[in-house]
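Peer 1: In case you want the letters, here they are:
Protein chains: 2
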Amino acid sequence: MKQFQTLLYILLISISCTQEKEVVVTGGNQHPNLILTTKSVSEIKSKLGAIPVFDETLSVAKATVDAAIQKGIDVPIPKDMAGGYTHTQHKLNYANMQKAGVLFQLLGDDKYAIYIRDMLLAYAKMFPTLPRHPQIRSYARGKLFWQCLNDSNWLVFTSQAYDCIYAWLPKEQTDYLNKTLFRPYADFLSIETPKYFNRVHNHSTWGNVAVGMIGLVMDDDELINRALYGLNKDDVDLSAKDNDGGFIFDKDGKAGFLANVDSPFSPDGFYTEGPYYQRYAMYPFLIFAEALQNKKPDLKIFEYKDGVLIKAVDALLNLTDADGEFFPLNDGQKGMSYYTSSLVSAVDIAYYYGNQDPRLLSVAKKQGTVQLDATGLKVALALKEGKEKPFVKESMELSDGSKGDEGGIGILRYNNTEETMALVYKYAAQGLSHGHYDKLSFSLYENGDEVLQDYGLSRFVNVEQKNGGGYLKENKTYAKQTIAHNTIIQNEISHFEYKYDLGSKNHPEKYIFDVYDTNFQIVSAKEKNAYPGTEMHRTMIMIKDEDLKKPFIVDINKIQANTKNQYDLPFHYFGQIISTSFDYKIPNKLKTLGDKYGYQHIWNEASGKANAESIQFTWLDNRRFYTLTSATNKNDELILARVGANDPEFNLRKDPSIIIRKKNTQNTVYASIIESHGTYDPVKEVAVNAYSNFSKIEVIQDNANYTALKIHFKEGKEKTIILSNLDSSQSKEHSLNINNKNYSWKGSYYYK
Amino acid sequence: MKQFQTLLYILLISISCTQEKEVVVTGGNQHPNLILTTKSVSEIKSKLGAIPVFDETLSVAKATVDAAIQKGIDVPIPKDMAGGYTHTQHKLNYANMQKAGVLFQLLGDDKYAIYIRDMLLAYAKMFPTLPRHPQIRSYARGKLFWQCLNDSNWLVFTSQAYDCIYAWLPKEQTDYLNKTLFRPYADFLSIETPKYFNRVHNHSTWGNVAVGMIGLVMDDDELINRALYGLNKDDVDLSAKDNDGGFIFDKDGKAGFLANVDSPFSPDGFYTEGPYYQRYAMYPFLIFAEALQNKKPDLKIFEYKDGVLIKAVDALLNLTDADGEFFPLNDGQKGMSYYTSSLVSAVDIAYYYGNQDPRLLSVAKKQGTVQLDATGLKVALALKEGKEKPFVKESMELSDGSKGDEGGIGILRYNNTEETMALVYKYAAQGLSHGHYDKLSFSLYENGDEVLQDYGLSRFVNVEQKNGGGYLKENKTYAKQTIAHNTIIQNEISHFEYKYDLGSKNHPEKYIFDVYDTNFQIVSAKEKNAYPGTEMHRTMIMIKDEDLKKPFIVDINKIQANTKNQYDLPFHYFGQIISTSFDYKIPNKLKTLGDKYGYQHIWNEASGKANAESIQFTWLDNRRFYTLTSATNKNDELILARVGANDPEFNLRKDPSIIIRKKNTQNTVYASIIESHGTYDPVKEVAVNAYSNFSKIEVIQDNANYTALKIHFKEGKEKTIILSNLDSSQSKEHSLNINNKNYSWKGSYYYK
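Protein chains in written order, with the working numbering: chain H, 945 to 1696; chain F, 945 to 1696.
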């Protein structure tokens, strides 16, 4: 029977070359079997019209592809950078082909198959003639695009389209396409570009998956193995590095897809490059996992490394603010959120292959669109049945490092019905080539707005006028530098002297993460290597006091050094200054703060001395009043600064900061309170609680063993915080006399 | 019978002093009769529970006042500036009393009357002991507040509360309050403060209305006449000016409420101070009009000056962006919108006393709240019946000047379902003491976002830390100066040399306003007095071309002078620069652009020469791409500037601008295209139409009679615009030869 079908099929296809309209699709081959399968197609078709979110998604895809078909096939000779015409057209092509494949399978209309076939034939004709892309900006130039990364995108999506029409195409055509286009393309991305293919890096993951996906479609085991395990080591120079500073093989000498799961993911699902690139890599990670699960179920890829791929989706959703935008840790473009298509795919796949977590459905509901396969079907059905539960983001720690022992990210959150706050404390490892030199830095969010920012990257992704949409040089000269972050800079030099090798060898050490008491959530970590001879120990506490409406943050930065240094601690706020407790002078001419490590990009708008044991700085942003209260020495300098100097292309945002500078200092403590205390309503013209709730913060003791602070509320109340600096055990008993008062407690901190 | 009732009433009230709970409210006097009336109270009571918006508003008012009653009466000795404790408390008191009066009438619960009575007795006890307010910042210090303006607010609201309990109070108490508190307060605000009371100014309107409202409550005709017609001239020094630079009597020597209707309102309902102050003044204008209509219907106040008070509400609603925020013309705080309570009142009163315009209902629906009187009842009933129609803001001209012959505001709008654009062109008169020196300036809006801004005022209203919430000195040194606006500055000197007397004597002249063709909307005006010997003629055109998705703006600034000058034309954009067609240099140190007329507040971030006949400048803001294309001479300078210099309190926003500078030039034309052409999506990371649709704009002829331009589209299309500079007649026939081509047309402009 099957043989007969195959025969009939070949016969019909042969006819189809001259009489396209009359082609009948039939079986005889088990394609599709990559993402869609013959089984899932049949199941979806039986439900079409009764699964609202799925139906809507399909209808949007149909409108898009129908318009593209109407416009005609356009396969231009590659020429432009990102954002330019040929770049954009080839991107459109793979996206439309992938959708057309789905439409062909689900709607059964040949025009979609024809569209893909004709497009692929055009590519097959052009491909053998292509040199590497004429734009020479990448270490791994592609064929259709300026970098292999985009070529891999093309192949990952196009493989799915190809799979959808594989059975419909006559064997001569699949043979032709396999031989002329796909196998050479896979070899090009791997064997011919080892520095690209064999790294542990999100780029390489795309490369691995591109090769793996097309390998699965063609049943080419050599390609599948190459995708999973990387290139043969004999073919590669193990000491070579790419131009981003990354190594070609990871520390363990492994490569390929599985190495890219093993190494950058921590057991908690945190991806060391940061959420922006995790978001980008989630698509190839999960779509390939889905394909492997369909075709190589014995691999049990979703159970690999204790199910890390599913955990990674949860981690990623937790690395967003109240609006679903990713925290821009390391290189991250602001505004990217879980509404992006790779997260639609990720959420659906995690729901299907995980434990059908109903919280994922509420994210899917917000996304309003699903992946057009079995996973999206399941999500759409569950949404139809109203199974979703809110995705409440709780405080959590996400460890970094493949074994989870290389620091991490501590997120302290406060949620109530009206507002949320999120403190993101970064004591993670370097994060590969997209990592920033920002040990123990943090950022603060309120209701989806940035309060104290991480600058993110310096790039306008896909805006051609801005360096072809690629990274701007200010990414290295400013955005990655330490001064662009809310953390300590010693002697105006970035952490690890901005050396990638050094940064990659080290990581901070977690000291405390304790969020058991939601009114006193604490995270603490130490960094001993960013500046040799200097130990930085930062503790951040989110305290919800019964007398205050919102929580406040206590920030304790303890520094112990073996020489005297200058320390800068910037706070990158937004908005307008409302008041300062200290005097300052403004210059007639603006000068930069320094000439390297990012300081050359910062204007000194004003500076003054603390002249007091505690200073206050109040600003207004997003209709809210914020105050920084900080313990100071009288000689501490306060610098009001703004980004924007030495920026000939106006690439940088002109964002402000306040810097607390301690000169000629060996051991010290920066102790600060950060609070959101009031609101301004420009319609009612009413300022509510425009003043800080605190009068000052005081360091009442500081030595190697203990650091003790006193917080003075404006209304007279006082609270004491004592940290044990050397023993973080929860059971250890401490007792201490400070100013003739005895304090006894158990565990690593005291608060009363 | 009536006598008996009165007797019974007095008897019961006498008892009430010891047995408050048992007081029975009864008639015997026709109060309330000011805003609420016995008739409207009875009508409202019959509908309560079945008028959703009204019921909700009442319930919010009840919750607010109940909480205030719970907290207890607090009438502190006046001490603080705006934003401070005593200021805020006295504001709360009058707001709560006014609401309590309504609650007493509508719900019949004595506790509200008692609350008002006890509060008034506390004020009556304190008032005679009060000197003028200890804060000496105002030219007209109040008693409870630092300025009489706020005291007038107090009296306008408190009069309503008093009216609501007047009949409930024993006559001894009303006599006592009238004599001890209210009549002295009215005299204080008028006779004792003539410089405040007798001006034509929004402040004085509040003063007039305060005196008039309490006069109506007390049936005190002397006060009512004083409110309507001002002080007796014999008592006032006619040549004196207040410290804002305003005159005590207006040009015609009239004063009082009617003068404040006559003079600042144009026949179109535009209020010369601008929308921000119109919004503020609408409440006293309309609430007093309502009271007069209730008690002095013969005055036919709503028909006064051809019904200008109702027209003014329509004008004001049209002076908002897509979000309902007022255009910040002259002194205006951004963010103020038609959601403010004075506009709730204005919309309801205009609906009731006007022609029940159903468009007003859609605004009321957005506001979600109504005035708690007959007008609010009518609106709530109409909303319940679904009578509302959309308030679509069309292109319109609003004349300025009491006779409508002193220039005006031209608003060109483009609306489609997805997006709106609004160009606001200001050729209005000086606008009294809150006026800016910004002849022929404009601002541009898209979808409620500012594209090219009017800076607005420099003030943080009611933020105590910022100069007590009052105007900041940068309001005069920057915000009011010409350079803070998108218009021509000659020789770095503000219009009229920033002299109020000069500015007040002159106004631009309207030349063309024609929006008949929605695809070619044109507004044009001339200013001959801002710089003696120089005529400025600016024409702005909003063109919707069939080939472009959105309209573009053509901006033609023709200058004719009798000497050579330097001209600056700034465009105050927001966001980040994407590309420039011209080269520029950035300095190592930032210097200011100048040392006076606002230039001292501007940093020169970069400057270069055009070196071409046309320049382009593209920026990205709010995820949209904009381009300015401008015809230049090769020697024209381009300056990339930013506000913020010489700003010791950090009062100014650090906003950017591009300035086109022509040096040593006599007659010239600035011709520019301003376009919104593309979008950026940070989630999809896609830039759509990131490049301008135009290649250049060219001045092909310019003389006293005609100015002709050629617009070059990037795709090759060309369009010619010719303006007749001296004859704006629609019927005049013109013919002209330019570069050997003949052009013939009828009317003041040609476009083809």
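Just so you know, these hints were derived from the structure itself, not from any lab.
Check each hint, because a few of them may be wrong.
Only pairs whose alpha carbons sit at most 25 Å apart, straight line, appear in this in silico PhoX-like list of lysine-lysine [as the list claims (entries may be wrong)]:
1. F/1417 x F/1535
2. H/1529 x F/1661
3. F/1540 x H/1529
4. F/1661 x H/1015
5. F/1015 x H/1417
6. F/1607 x F/1533
7. F/1015 x H/1661
8. H/1493 x F/1533
9. H/1417 x H/991
10. F/1015 x H/1658
Everything numeric in this text was worked out from a predicted model, so none of it was measured.
Peer 1: Need the status of pair residue 1493 of chain H, residue 1533 of chain F: alpha-carbon distance at most 25 Å?
Peer 2: violated (44 Å)
Peer 1: With the threshold set at 25 Å, check whether the alpha-carbon distance from residue 1417 of chain F to residue 1535 of chain F stays at or below it.
Peer 2: With Cα atoms ~21 Å apart, residue 1417 of chain F and residue 1535 of chain F stay inside 25 Å; holds.
Peer 1: For the pair supplied as a hint, residue 1540 of chain F and residue 1529 of chain H, is the alpha-carbon distance within the 25 Å limit?
Peer 2: Distance of about 20 Å is within 25 Å: holds.
Peer 1: Given the hint that residue 1015 of chain F pairs with residue 1658 of chain H, does the C-alpha gap stay at or below 25 Å?
Peer 2: The hint holds at about 22 Å.
Peer 1: Hint check: residue 1015 of chain F vs residue 1417 of chain H, CA-CA at most 25 Å. Holds or violated?
Peer 2: Violated: residue 1015 of chain F and residue 1417 of chain H sit about 60 Å apart, past 25 Å.
Peer 1: Taking only the CA atoms, is the gap from residue 1015 of chain F to residue 1661 of chain H under or equal to 25 Å?
Peer 2: Given that 25 Å is the threshold and the Cα spacing comes to 23 Å, the pair holds.
Peer 1: Hint check: residue 1529 of chain H vs residue 1661 of chain F, CA-CA at most 25 Å. Holds or violated?
Peer 2: violated (55 Å)
Peer 1: When you check the alpha-carbon spacing of residue 1661 of chain F and residue 1015 of chain H, does it fall within 25 Å?
Peer 2: Given that 25 Å is the threshold and the Cα spacing comes to 23 Å, the pair holds.
Peer 1: Is residue 1607 of chain F within 25 Å of residue 1533 of chain F, Cα to Cα?
Peer 2: Measuring from Cα to Cα gives roughly 24 Å; hence the hint holds.
Peer 1: Is the Cα-Cα distance between residue 1417 of chain H and residue 991 of chain H 25 Å or less?
Peer 2: violated (52 Å)
The structure is inconsistent with the numbered hints 2, 5, 8, 9, although it conforms to all the rest.
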